[in-house]
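Asks: The chain contents come next:
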Amino acid sequence: MFAPAPFLLKDVSVSQVMIQVCVALIPGIAAYASLVGPAILVQLVITTVAALVTEALMLKLRGKPLSLFLTDGSVIVTAWLIALTFPPLAPWWLVVTGTVFAVIVAKHLYGGLGQNPFNPAMVAFAVCIVAFPALMSQWPSVGLQLGLIDQMNIILGWAPRVDTLTGATPLDAMKTALKLGDSSFDISTLLANQDIYGNFAGRGWEWVAAGYLLGGLWLWHRKLITWHVPLAFVASLSLISGALWLYNPSQFASPLFHMLSGGAMLGAFFIATDPVSGCTTPRGKLIFGAGAGLLAYIIRVFGGYPDGVAFAILLMNLCAPVIDLLTQPPVFGMKDKA
Amino acid sequence: MLMDLFKFKGGVKPPSNKLQSNHLPIAQAPMPSRLVMPLHQSIGGTPRPIVAAGDHVLKGQMIGEADGWISAAVHAPTSGTVVEVAMHVRPHPSGLDSLCVVIEPDGKDEWIARTPIDHNAAAPADVFHHLQQCGIVGLGGAGFPAHGKLTPTKGVPMDELIINGAECEPFITCDDLLMRERADEVVRGIAVFRDLLQPKKVLIGIEDNKPEAIAAMRAAVDALNEPFSVVAVPTLYPAGGAKQLIRVLTGKEVPGSMRSTADMGVQVFNVGTAYSAWRAIAHGEPLISRILTVTGNVHAPRNYEVLIGTPMGELLALAQPHPDTDGILMGGPMMGFLIPNPQVPVVKTTNCLIAHDDRLFPPKAPEMPCIRCGACARACPHELQPFEMYWFSRAKNFGKTQEYNIFDCIECGCCSYVCPSRIPLVQYFRFAKSEIWAREREKNASDQAKARFEFKQLREEREKADKAEKLAKAAAAQAAKKAAEAAAAAAESGADAAVATAAPEMDAKRAAIEAAMARAKAQREAVQPKNTEHLAPDQQKAADEIEARRVAAHLIEDRVSSEKATAAPTAQLDPKS
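Here the protein sequences line up with chains A and B, keeping their order.
Using our numbering, the first residue of the first sequence is number 146, and each one after it goes up by one.
Using our numbering, the first residue of the second sequence is number 184, and each one after it goes up by one.
Please keep in mind that the hints were generated in silico from the structure rather than gathered at the bench.
Here a beta-carbon is modelled for each residue, glycine too, at the ideal position from N, C-alpha and C.
One or more hints might be untrue.
As the list claims (entries may be wrong) - Below 25 angstroms or equal to it, Euclidean Cα-Cα: the simulated DSS-like pairs (lysine-lysine) are:
#1 A:Lys480 <-> B:Lys665
#2 B:Lys647 <-> B:Lys616
#3 B:Lys435 <-> B:Lys337
#4 B:Lys616 <-> B:Lys656
#5 A:Lys480 <-> B:Lys656
#6 B:Lys664 <-> B:Lys650
#7 B:Lys656 <-> B:Lys692
#8 B:Lys435 <-> B:Lys547
#9 B:Lys626 <-> B:Lys616
#10 B:Lys650 <-> B:Lys579
#11 A:Lys368 <-> B:Lys192
#12 A:Lys155 <-> A:Lys480
#13 A:Lys480 <-> B:Lys583
#14 A:Lys155 <-> B:Lys196
#15 A:Lys209 <-> B:Lys547
#16 B:Lys190 <-> A:Lys368
#17 B:Lys639 <-> B:Lys616
#18 B:Lys547 <-> A:Lys480
#19 A:Lys155 <-> B:Lys192
#20 A:Lys480 <-> B:Lys664
#21 B:Lys190 <-> A:Lys155
#22 A:Lys368 <-> B:Lys435
#23 B:Lys692 <-> B:Lys639
#24 B:Lys653 <-> B:Lys664
#25 B:Lys337 <-> B:Lys384
#26 B:Lys547 <-> B:Lys583
#27 B:Lys547 <-> A:Lys155
#28 B:Lys647 <-> A:Lys368
#29 A:Lys209 <-> B:Lys579
To be verified - What follows is a list of derived Cβ distance ranges for each label pair:
#30 A:Leu202 <-> B:Gly278: 54 to 60 angstroms
#31 A:Pro427 <-> B:Glu409: 57 to 63 angstroms
#32 B:Lys190 <-> A:Arg306: 46 to 52 angstroms
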């Protein structure tokens with residue numbers, strides 16, 4: 146009988162970690178569903194099924210035990226993040242393409258669980274927004290009230306995609322309006338449009354962001370993530386947006402607007418904190434989070450895409466290994482010498 | 184006693200499982216049918232057997248004598264007959280055999296004459312010798328000979344003497360019971376250490392889950408009017424690791440690379456060591472028994488005073504193991520190991536036996552890939568990055584593991600405990616360390632072979648030179664003889680005598696010069712750098728000190744240091760407590 150010490154082990158497992166991440170997403174999902182209707186739940190089902198089937202196929206091809214790896218839950222987290230970052234009325238084949246690409250290329254071709262240098266959900270988002278920019282920019286129009294059947298028909302392609310059904314995100318709408326250079330569009334008049342904007346950011350979207358924030362804080366409370374990445378992300382996003390907002394409040398939105406718009410909260414708490422593709426040292430995590438926050442702002446405000454969180458995180462994924470290498474903390478007893 | 188405590192990073196809180204075994208007083212284990220005394224029971228050298236099969240020995244009679252400064256004698260635990268001196272399996276994760284003295288008790292339990300020592304009157308060297316002769320070693324787990332830790336490092340004032348009663352490993356309660364029942368003698372032993380080390384203060388650290396032990400120790404300290412502080416430290420595994428306890432009590436962080444904590448003015452002893460040192464000083468009793476917890480999947484867990492050398496199976500039987508017991512764990516569940524068979528004897532460092540079964544210790548779930556969650560790094564009390572060391576150990580990139588300070592790892596098991604992927608991280612680190620040691624040994628062996636070869640060359644050169652010198656002398660003698668003959672002849676002729684005498688003198692001179700050149704060449708060869716030169720000053724100092732100690736102990740026999748090298752990392756932790 147060969148069993149090395151320790152003989153006592155804490156009751157933890159990869160699937161427990163992943164399940165808790167999914168649980169933490171529920172407040173955000175609930176707010177999302179109440180905003181756009183059941184479409185988001187349909188997307189969650191589509192991505193989950195697509196992810197599980199692809200994962201099973203890849204595990205089989207790679208000769209890995211299905212029972213062990215299919216149940217680890219990691220692919221479900223990927224699937225859910227894809228569903229939550231893609232437009233809720235995106236056609237089924239788009240989200241399936243994204244999911245399949247994420248699982249096959251971003252995850253398994255790099256070696257599977259624990260080996261992917263990039264966050265698979267963000268890879269899916271980046272690939273699809275580059276390949277299908279129009280579809281990836283069509284978000285449900287504000288106040289659009291469609292039932293489950295209608296939404297399913299749109300997603301499944303059985304009903305025509307009518308332009309009036311969809312529009313840009315509040316973040317995108319603001320950028321487009323400001324880019325026109327027409328001085329009549331300043332932030333305060335834009336925000337006065339209470340059809341699109343609510344108290345802090347996009348009407349309704351601000352509560353989705355708050356839901357992610359809540360779930361993220363729970364993850365931190367459960368010690369599944371540390372405070373470093375989310376805090377650094379939020380701090381750097383606030384700092385840069387705050388500085389420009391103070392410089393010209395009519396052309397730059399407030400830090401609070403940025404915090405509660407787009408994928409900021411989801412990215413700060415659920416994606417940038419992905420340990421596999423992110424940094425692991427405390428100082429490294431601070432740099433990673435701050436870099437992601439800064440890049441997200443730059444891309445979303447000055448870049449050509451509706452939001453910058455996905456690209457920001459992918460760019461920081463790229464830097465993570467070297468950041469980790471350069472930020473190794475001193476070991477016990479060597480703090481004076483380091 | 185109020186004092187500021189410090190924190191060490193990391194640590195885990197496994198279920199303590201101590202209540203099962205700590206409610207009954209210490210019981211005396213019955214005399215076993217046969218005692219197996221491994222000679223190698225401590226860090227350092229292997230004592231030499233001084234008895235042979237057929238000898239009658241008395242209780243406490245020395246059967247193995249220390250073979251060096253870092254070595255401690257072993258003794259017969261009871262009176263009886265030596266059955267054999269042979270190789271038997273000893274309790275070590277390797278499961279390898281080592282030389283053991285097997286004794287059949289005669290049932291009389293007859294003591295040899297015991298000689299106490301007055302440690303106040305005796306010279307420190309005599310006290311050290313006494314402790315060594317009594318076989319006193321660290322009972323916390325590593326088993327470092329106690330006398331080797333009782334000298335302060337030169338030039339470093341001894342600030343704190345720390346007594347480790349933390350006993351942080353789950354299940355183990357032997358130190359708890361020892362402190363509850365024999366606090367007086369523990370404190371007297373601490374006083375001896377204090378007298379020898381002369382520290383500025385003495386701190387006794389006990390985890391706060393042992394209120395009875397804390398109370399008993401405080402009462403004993405007060406009764407003996409000693410200025411020792413009994414400090415309740417927070418229960419957090421591995422608070423009983425020597426360096427963690429030092430950190431908690433003093434705020435000092437002793438680097439992993441520092442072999443001796445005395446270099447930072449602090450020294451740590453286990454409470455059990457203090458107790459047995461006192462028995463040796465005041466009663467002349469060598470270390471032949473110890474307190475041991477028998478617990479786990481048993482009907483009647485409790486602590487026993489047992490003779491060293493008792494087969495573990497016999498002790499486990501006392502606690503009535505449940506029928507589904509499938510193994511015996513020596514030590515705690517965090518750092519212990521399963522013994523290969525129940526005949527394995529108790530040694531000086533055996534603090535706990537745990538009956539193993541699948542209910543208490545469920546079989547491990549299959550290993551999953553690392554997801555870099557960093558839980559291990561947050562749990563590591565030495566603030567290492569276990570997941571990085573894991574990648575490199577797995578890839579056999581041992582140089583990288585050393586860059587990530589793998590030798591600072593004390594193998595406490597916190598990382599494995601928290602890993603959600605169920606990776607046996609400590610196992611990977613042991614693998615990497617032993618590979619690195621094996622490579623170093625190979626390198627040393629090849630260095631030695633190279634040195635031997637160079638010496639052979641040197642010797643051959645010298646012999647050649649000697650030969651040349653001899654030849655030159657012979658030639659000179661020959662020439663002188665010839666010259667003498669020629670002179671005689673010249674004297675006869677009377678002509679050109681001066682020329683004839685000058686020539687042989689020249690020959691003799693030339694031969695002498697050649698011989699001198701040969702000698703000089705040999706000397707040049709002799710000053711080729713050797714591997715003991717170019718030592719850093721501290722290495723040279725360490726070497727000199729070792730040499731001095733060897734001379735002092737009249738032990739000039741050279742020892743292979745590989746044993747010490749393998750023992751080094753464990754020496755840094757008193758893992759039991």
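Asks: Taking the hints in turn, state whether each one holds.
Replies: Here is how each hint holds up against the structure:
Pair hint Lys480 of chain A plus Lys665 of chain B does not hold up; C-alpha atoms about 81 angstroms apart against a cutoff of 25 angstroms. A threshold of 25 angstroms between alpha carbons decides the hint, and for Lys647 of chain B with Lys616 of chain B the separation of about 46 angstroms lies outside it, so the pair is violated. A C-alpha spacing of about 19 angstroms is found between Lys435 of chain B and Lys337 of chain B, which places the hinted pair at or below 25 angstroms, so the restraint holds. A threshold of 25 angstroms between alpha carbons decides the hint, and for Lys616 of chain B with Lys656 of chain B the separation of about 59 angstroms lies outside it, so the pair is violated.
Between Lys480 of chain A and Lys656 of chain B the CA atoms are separated by roughly 68 angstroms; this puts the pair beyond 25 angstroms, and the hint is violated. Between Lys664 of chain B and Lys650 of chain B the CA atoms are separated by roughly 21 angstroms; this keeps the pair inside 25 angstroms, and the hint holds. In summary, the hint linking Lys656 of chain B to Lys692 of chain B is supported, as the alpha carbons are separated by about 10 angstroms, within the 25 angstroms threshold. This hinted pair does not check out: Lys435 of chain B and Lys547 of chain B have alpha carbons roughly 37 angstroms apart, beyond 25 angstroms.
Distance restraint check for Lys626 of chain B and Lys616 of chain B: the Cα-Cα separation of roughly 15 angstroms lies within the 25 angstroms cut-off, and the hinted pair is therefore satisfied. The straight-line distance between the Cα atoms of Lys650 of chain B and Lys579 of chain B is roughly 53 angstroms, outside the 25 angstroms bound, and the hint therefore fails. For the suggested pair Lys368 of chain A and Lys192 of chain B, the alpha carbons sit about 15 angstroms apart, so the restraint of at most 25 angstroms is met. As the CA atoms of Lys155 of chain A and Lys480 of chain A are separated by approximately 30 angstroms, the hinted pair breaks the 25 angstroms bound.
The straight-line distance between the Cα atoms of Lys480 of chain A and Lys583 of chain B is roughly 20 angstroms, inside the 25 angstroms bound, and the hint therefore holds. Among the hinted pairs, Lys155 of chain A with Lys196 of chain B is consistent with the structure: their alpha-carbon atoms are about 9 angstroms apart, no more than 25 angstroms. Restraint check for Lys209 of chain A and Lys547 of chain B: satisfied, since their Cα atoms lie roughly 19 angstroms apart, inside the 25 angstroms limit. At roughly 19 angstroms between alpha-carbon atoms, Lys190 of chain B and Lys368 of chain A fall within 25 angstroms of each other, so this suggested pair holds.
A C-alpha spacing of about 34 angstroms is found between Lys639 of chain B and Lys616 of chain B, which places the hinted pair above 25 angstroms, so the restraint is violated. For a cut-off of 25 angstroms, the pair hint linking Lys547 of chain B to Lys480 of chain A is broken: about 36 angstroms separates their Cα positions. Taking the CA atoms of Lys155 of chain A and Lys192 of chain B, the gap is about 18 angstroms. The hint holds against a cut of 25 angstroms. Restraint check: the Cα-Cα separation between Lys480 of chain A and Lys664 of chain B comes to about 80 angstroms, which exceeds 25 angstroms; the hinted pair is violated.
Among the hinted pairs, Lys190 of chain B with Lys155 of chain A is consistent with the structure: their alpha-carbon atoms are about 22 angstroms apart, no more than 25 angstroms. Pair hint Lys368 of chain A plus Lys435 of chain B does not hold up; C-alpha atoms about 28 angstroms apart against a cutoff of 25 angstroms. Note on Lys692 of chain B and Lys639 of chain B: the hinted pairing is violated, with a Cα-Cα distance of about 31 angstroms set against a maximum of 25 angstroms. At roughly 16 angstroms between alpha-carbon atoms, Lys653 of chain B and Lys664 of chain B fall within 25 angstroms of each other, so this suggested pair holds.
Using a Cα cut-off of 25 angstroms, the hinted pair Lys337 of chain B and Lys384 of chain B holds, with the two alpha carbons roughly 18 angstroms apart. With a C-alpha separation of about 28 angstroms, the suggested pair Lys547 of chain B and Lys583 of chain B falls outside the 25 angstroms cut-off, and the hint is violated. Of the pairs offered as hints, the one joining Lys547 of chain B and Lys155 of chain A holds, with about 11 angstroms between alpha carbons and a cut-off of 25 angstroms not exceeded. Under the criterion of a C-alpha separation no larger than 25 angstroms, the hint pairing Lys647 of chain B with Lys368 of chain A is inconsistent with the structure, at around 76 angstroms.
Note on Lys209 of chain A and Lys579 of chain B: the hinted pairing holds, with a Cα-Cα distance of about 23 angstroms set against a maximum of 25 angstroms. Between Leu202 of chain A and Gly278 of chain B the CB atoms are about 44 angstroms apart, so this pair departs from the stated range of 54 to 60 angstroms. At roughly 43 angstroms, the beta-carbon separation of Pro427 of chain A and Glu409 of chain B lies outside the given 57 to 63 angstroms, and the hint is violated. For the pair Lys190 of chain B and Arg306 of chain A, the beta carbons lie near 59 angstroms from each other, so the given range of 46 to 52 angstroms is not met.
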